[in-house]
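Trainee: Chain by chain, the residues run as shown.
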Amino acid sequence: MSAIRHIAVNVFRESVRDKVPYNLVLFALMLMGVSYLLGQLSAGQEIKIIKDLGLAAMSLFGSFIAVFIGIGLVSKEVERRSIYALLAKPISRRQLVMGKYLGLVLTLLVNIAVMTVAFYTVLGVMAWMDGSWFRPHWGASALDPALLKAIAMIGLQLMIVTAVALLFSTFSSPMLAAGLTFGLYIIGHFNADLKNFEAVVDSRPIAYLARAMYYLLPNLAPLDVKAQVVHGVHVPAGLLLFNTAYALVYIAALLVVATFIFARRDFK
Amino acid sequence: MLAIETDSLSKSFAVGFWRPRSYRALEGLTLAVEQGETFGFLGPNGAGKTTTLKLLMQLIYPTSGRAEVLGRPVGDVGVKRRIGYLPESPYFYDYLTAEELLSYFASLFGYAAADRRRRVSALLDEVGIAAERRLPLRKFSKGMLQRVGIAQAILNDPDVVFLDEPMSGLDPLGRREVRNLILRLRDRGCTVFFSSHVLADAEALCSRVAILAQGKLVATGRMSEIHAFQVRGWDLVVGGLSPDTLHKHAGRITKVARVAENQYALELPLNPTPDLLLTDLMTEGAYLISLNPLRETLEDYFVAQVQKQRPR
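Chains as they are written, first to last, in this note's numbering: chain A, 1 to 268; chain B, 1 to 312.
Just chain A, same shape as in the assembly (with noise of 0.2 Å):
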């Protein structure tokens, strides 16, 4: 265990000195760009598009994060030869493949933490500007707690997609990894539409295909409640419940092909 907290360390450190915090002073920038824009411009709406524009900016900023530091999680280290002393050392495969994940976990998790109190300062700042906290049209608070839901979901998501990265990293390119990381994370948007393809085909092996391709591949759409919270319409916790112990799952079932793929790699 301790291995694998030194390796995550180490990627947090990675991630951290390549500079990816600057997408937070970039979030920050644009929330409070935005934020005076639609002061001069809105009538009475802008809290609750700043909500809108705020989470959606988390999840891209996030995703953009997962994929490109998860792509290059294992295969930078296979390219620029890295891998061969770390792997002499006292170490499995298994761990490093672990202390690769929790280490860009931990960077996303960080990010979004930050994100957050960015998010909320501004939040609260507009309303401040406005003189109320509440406004019947904004359907919700402006500093609304439940903005925490969809933020965690966020992070869920987050973490489906660094492990669907991680996996792509443990056997192909980061180019290729890119691509495929991308395509699975747009498909998880839309996979719903598989479950119900039978509707749409008379053929009954692409139906049984469909369904089996819908079960396979990551169900990113439930885990977004943003639209919901947004519009302050209640999010039951038996669903947040739900989507984490699924994405719990579908994350281990991940890490274990990884580490199975991994375990089994020649370094030439």
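These are calculated hints, taken from the structure and not from any lab test.
All C-beta atoms in this analysis are idealised placements derived from N, C-alpha and C, irrespective of residue type, glycine included.
Misleading hints may appear alongside valid ones.
[To be verified] Straight line, CA to CA, 30 Å or less: simulated BS3-like cross-link-like pairs of lysine-lysine: (1) 268/A <-> 195/A; (2) 139/B <-> 19/A; (3) 76/A <-> 139/B; (4) 142/B <-> 76/A.
[To be verified] What follows is a set of in silico ranges between Cβ atoms, one per label pair, in the way DEER data are often shown: (5) 110/B <-> 199/A: 52 to 62 Å; (6) 8/B <-> 209/A: 42 to 52 Å; (7) 203/A <-> 77/B: 47 to 57 Å; (8) 172/A <-> 198/B: 51 to 61 Å; (9) 89/B <-> 203/A: 54 to 64 Å; (10) 252/A <-> 73/B: 24 to 34 Å; (11) 66/B <-> 172/A: 23 to 33 Å; (12) 73/B <-> 172/A: 24 to 34 Å; (13) 264/A <-> 16/B: 19 to 29 Å; (14) 110/B <-> 267/A: 22 to 32 Å; (15) 56/A <-> 136/B: 35 to 45 Å; (16) 131/B <-> 267/A: 28 to 38 Å; (17) 183/B <-> 172/A: 26 to 36 Å.
With chain A held as given, fit chain B onto it using these hints.
Mentor: Relative to chain A, chain B alone:
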């Protein structure tokens, strides 16, 4: 218990994308290295040295055969605690400093923070990069990276250390320091297994060597026991030698090359011993500049072996 043991170890790679064919990088390597030995693993480029080392580190898996280190299968985490490895032309994380890299690797061995600091500091001194300890590795030259590589290979006071071309990229001073380091490791009782294509390194350091050509073991034993490296004559360089004296003794000399005015390099047969001729020449006014045994070079040996392996 042997430090390193391989039995019929072979490795093939698939070469080509559309129509892959099998390329045999190592064929049936059977080797036994005793604990405490300094063992030279010699061969020209492409002989299979790095492949063997990667198999011993389980960076690649064998096609057939088996390998053990310290009596356990390669890749055993318990064994990895007791070994060190310097890869060929090592590369490390360029965002870390030398100190941070060694500290990170030391943490993987489970050393506590205070012990890590002490150990890393001593190692940086030992490999001569203490002054650059806080410089990012991306600013390091090839030679400096090689020193970092050596430091990380001996970080855990290993019982067996594997060095892949340890002299590569080093200047003459660096090469001498690495030689001295290997001798210190040997004196500590550490088994040193190092690959090289430089005969002089093996001669200076090794108790035994194995020679590989085109993936096959072609010779193993002490350097002096390997027939090709036994003395086959003498190279005598003398000064103050007149052409008349040289002409007088021409029958005792195999080959003559003029070096400078009255200075000649003389190639002599193995017998009689060169002291007899040298005494005669000195009584006639000549003086000794140098006397060296003549051996086949490793390069000559490789060429001969490679030619022997080629299908006719």
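Trainee: It remains to establish, for every hint, whether it holds in the given structure.
Mentor: Outcome of the hint check:
1. 268/A <-> 195/A: The hint is violated at about 42 Å.
2. 139/B <-> 19/A: Distance ~18 Å between residue 139/B and residue 19/A Cα, so the pair holds.
3. 76/A <-> 139/B: OK: residue 76/A and residue 139/B at ~19 Å, within 30 Å.
4. 142/B <-> 76/A: Judged against 30 Å, a Cα distance of about 20 Å means the pair holds.
5. 110/B <-> 199/A: 52 to 62 Å: 58 Å, holds
6. 8/B <-> 209/A: 42 to 52 Å: For residue 8/B and residue 209/A the Cβ distance comes to about 46 Å; the hint holds.
7. 203/A <-> 77/B: 47 to 57 Å: 51 Å, holds
8. 172/A <-> 198/B: 51 to 61 Å: Since the Cβ atoms of residue 172/A and residue 198/B sit about 38 Å apart, the hinted range of 51 to 61 Å is violated.
9. 89/B <-> 203/A: 54 to 64 Å: Given about 55 Å between the Cβ atoms, the range holds.
10. 252/A <-> 73/B: 24 to 34 Å: Hint holds: Cβ distance 28 Å, inside 24 to 34 Å.
11. 66/B <-> 172/A: 23 to 33 Å: 31 Å, holds
12. 73/B <-> 172/A: 24 to 34 Å: This hint holds: roughly 29 Å between Cβ atoms.
13. 264/A <-> 16/B: 19 to 29 Å: Given about 21 Å between the Cβ atoms, the range holds.
14. 110/B <-> 267/A: 22 to 32 Å: Hint holds: Cβ distance 24 Å, inside 22 to 32 Å.
15. 56/A <-> 136/B: 35 to 45 Å: With Cβ atoms ~36 Å apart, the hint holds.
16. 131/B <-> 267/A: 28 to 38 Å: 33 Å, holds
17. 183/B <-> 172/A: 26 to 36 Å: With a Cβ separation near 45 Å, residue 183/B and residue 172/A fall outside 26 to 36 Å, so the hint is violated.
This entry does not satisfy hints 1, 8, 17, going by the numbered hints stated previously.
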